[in-house]
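Guided by the hints, dock chain B onto chain A, whose structure is given.
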Amino acid sequence: MRPADWIVLALYFVYVVWEGIRHGRSNANLNDYFRGQRSLRWWAVGLSVMATQASAITYIGTTGQAYGAGMSFIQVYLPQPLVMVVLCMTFLPFFYRANVYTAYEYLEKRYDAKTRSLTSFLFLMSRGLSVSLVLYAPSIVLAVIFEWSEIVTILVMGVTTVLYTTIGGNKAVIMVDAKQMMLMFAGIFVAITLFIWKFPAGFSVADAIHLAGATRKWNNIDLSADPRETYTLLSGMVGGFFLALSYFGCDQSQVQRYLTGKSLTESRISLLFNAFLKVPMQFLILLLGVLMFVFYHFEMPPVHFNESYRRALLERTAVEKPRLEADYESLFRSRRDAALALEQSRRGDDTVMIEAAERRYLEAHSAFQKLREENRVALQSILGSEPSAEVNYIFPSFLLHYAPPGILGLMLAVIFAAAMSSFSSEINSLASATIIDFYKRYYRNDASDRHYLIASRAATVFWGVFATMAALYAGRFGASLIEAVNKVGSYFYGPILGVFLLSFLVRRSNAFGAFWGLLIGEAAVFATAYYSSISWLYYNVVGALTVLAAGVLLSGSSRPSRFPR
Amino acid sequence: MYDCETMSEERPPFGKSWNLIYFSVVVYTCVLIVLLYWITVTLNR
Numbered sequence: 001m002r003p004a005d006w007i008v009l010a011l012y013f014v015y016v017v018w019e020g021i022r023h024g025r026s027n028a029n030l031n032d033y034f035r036g037q038r039s040l041r042w043w044a045v046g047l048s049v050m051a052t053q054a055s056a057i058t059y060i061g062t063t064g065q066a067y068g069a070g071m072s073f074i075q076v077y078l079p080q081p082l083v084m085v086v087l088c089m090t091f092l093p094f095f096y097r098a099n100v101y102t103a104y105e106y107l108e109k110r111y112d113a114k115t116r117s118l119t120s121f122l123f124l125m126s127r128g129l130s131v132s133l134v135l136y137a138p139s140i141v142l143a144v145i146f147e148w149s150e151i152v153t154i155l156v157m158g159v160t161t162v163l164y165t166t167i168g169g170n171k172a173v174i175m176v177d178a179k180q181m182m183l184m185f186a187g188i189f190v191a192i193t194l195f196i197w198k199f200p201a202g203f204s205v206a207d208a209i210h211l212a213g214a215t216r217k218w219n220n221i222d223l224s225a226d227p228r229e230t231y232t233l234l235s236g237m238v239g240g241f242f243l244a245l246s247y248f249g250c251d252q253s254q255v256q257r258y259l260t261g262k263s264l265t266e267s268r269i270s271l272l273f274n275a276f277l278k279v280p281m282q283f284l285i286l287l288l289g290v291l292m293f294v295f296y297h298f299e300m301p302p303v304h305f306n307e308s309y310r311r312a313l314l315e316r317t318a319v320e321k322p323r324l325e326a327d328y329e330s331l332f333r334s335r336r337d338a339a340l341a342l343e344q345s346r347r348g349d350d351t352v353m354i355e356a357a358e359r360r361y362l363e364a365h366s367a368f369q370k371l372r373e374e375n376r377v378a379l380q381s382i383l384g385s386e387p388s389a390e391v392n393y394i395f396p397s398f399l400l401h402y403a404p405p406g407i408l409g410l411m412l413a414v415i416f417a418a419a420m421s422s423f424s425s426e427i428n429s430l431a432s433a434t435i436i437d438f439y440k441r442y443y444r445n446d447a448s449d450r451h452y453l454i455a456s457r458a459a460t461v462f463w464g465v466f467a468t469m470a471a472l473y474a475g476r477f478g479a480s481l482i483e484a485v486n487k488v489g490s491y492f493y494g495p496i497l498g499v500f501l502l503s504f505l506v507r508r509s510n511a512f513g514a515f516w517g518l519l520i521g522e523a524a525v526f527a528t529a530y531y532s533s534i535s536w537l538y539y540n541v542v543g544a545l546t547v548l549a550a551g552v553l554l555s556g557s558s559r560p561s562r563f564p565r
Numbered sequence: 001m002y003d004c005e006t007m008s009e010e011r012p013p014f015g016k017s018w019n020l021i022y023f024s025v026v027v028y029t030c031v032l033i034v035l036l037y038w039i040t041v042t043l044n045r
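Residue numbers (our numbering), protein chains in the order written: chain A, 1 to 565; chain B, 1 to 45.
The shape of chain A in the complex, shown without the other chains (with noise of 0.2 angstroms):
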């Protein structure tokens, strides 16, 4: 890190938190602080959404994965705008005409208190749980790339994210959210240009496109039909829509943002404008895990990006160190060539001299791939487990070696910038659901404006604090408890999704169907996981429509709730 790097990103963090607090002074009732007056434009809203799904893993985490597995990722996304629009045409009129708070508010409306506090309950608890990881994850991969301290890193973004939270409330959340999502677009572009202005002279995109293809890179749809495959058109379509409708829909640290809209028709666009950006954003961002691929044919990579491990991983086969380094400059430099010889015959039109290359080309990188395969294994038996994933490590290396001054500093700030933003929608859709959900509604309900605004930051201080403290003892936890706190998460969202389904779709359920059919939901996702292989995305499905039928089939023996209108 140079001096530039480190203006910039405390340029950052000041403007951060100067324009939460700027945008925040006006608080003086729940309305203010939870839903910023209903005052705020679509795109201030739209940018917020997508600033809020965009965690720093979607930028250090996607990149890497797009590095090793090419684009088909991109999959999960694919149904996106669709979501959007049943979003603009069901969940979106029915929370903002019903004027609640939080989603699960509505359901009290329909149903009943037990069922909104179930579900409430529910992503308190889920969103609760994995807060913390949206500040741990990146910290600890810039811990390791950059020898920060994980305490100091984590405490910088908690302590900044909850000082602007908490005096701003979600009209700051939502206009500092747009800035940061803003400087992400801005991250994206600069790091591409990067990428190309790295490449070696004569070296040019369209060679970078086709050597990405010769190792099938290009992979962004799958037609296979199993279920259990995670990356297919059909499990991203069917699966990832049910998560998406999900989490845009059940999950209040989203919808809080969408009901601020000025109108229902701002609200709307907040969502269509999604819908539009969303997936060339997302393949923006795993295009510069293909370009960085491509980069890595010409700069060697390091042995293992996680440092440490690759410290490791030498220091414990010393003795074989000088033939473990030579053999892999080695096989580095016979991919070079042989990806530079590959494009220098596409210039020419001999099928038979481009084919040949072309084997040369992928059996050299064959090879190269073999060896980190092998130290790969390595590795695992020196530390006795398998190695955490090395996909987190690359785009974080990459930025240390090779961003010039102050790029490096700007490209910091896009990784906390996509960080906070996720935490403080997070913690203030935490705060909201705890206050208007639970306290307002069982323990003060006609207190005054000031003392629902100090509760308020209270429940935000409580969130922010309990996350960031979370956050600091997440690695004495171990990885697998880290990744059980993810994956129960999921767990939850499907029911959840079937609950306001059933009170959207139909007419005669009733509280008693909901509420049971939510815990048949719960049930049948925790059997499926437990009994079956299929894909983490159908959960969701299996969930929802678990939930549908359920509620279908019990609230046909009582009476109808009443339908708000």
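Hints listed in this document are in silico derivations from the structure and should not be mistaken for laboratory results.
Some hints could be false.
[Unchecked claim] Which residues of chain B face chain A? A few of them, derived with a C-beta cut under 8 angstroms, are:
| hint | residue |
| --- | --- |
| 1 | Glu-10 |
| 2 | Ser-17 |
| 3 | Leu-20 |
| 4 | Ile-21 |
| 5 | Tyr-22 |
| 6 | Val-31 |
| 7 | Leu-32 |
| 8 | Ile-39 |
| 9 | Thr-40 |
| 10 | Leu-43 |
No residue lacks a Cβ here, since even glycine has one placed at the ideal position from N, Cα and C.
Same frame as chain A, but now just chain B:
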């Protein structure tokens, strides 16, 4: 008729109706899938 249909009385700021805009999003999604499939078939050799 469900409430969501009666709630669409607000006119969109562009386009003739909300339904037409929604339809254009569906078409857009189909175009994206076809385009991505075309990239898969032509660039992945």
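Report the numbers of all earlier hints that the structure fails to satisfy, in ascending order. Of the numbered hints, 2, 3, 6 do not hold.
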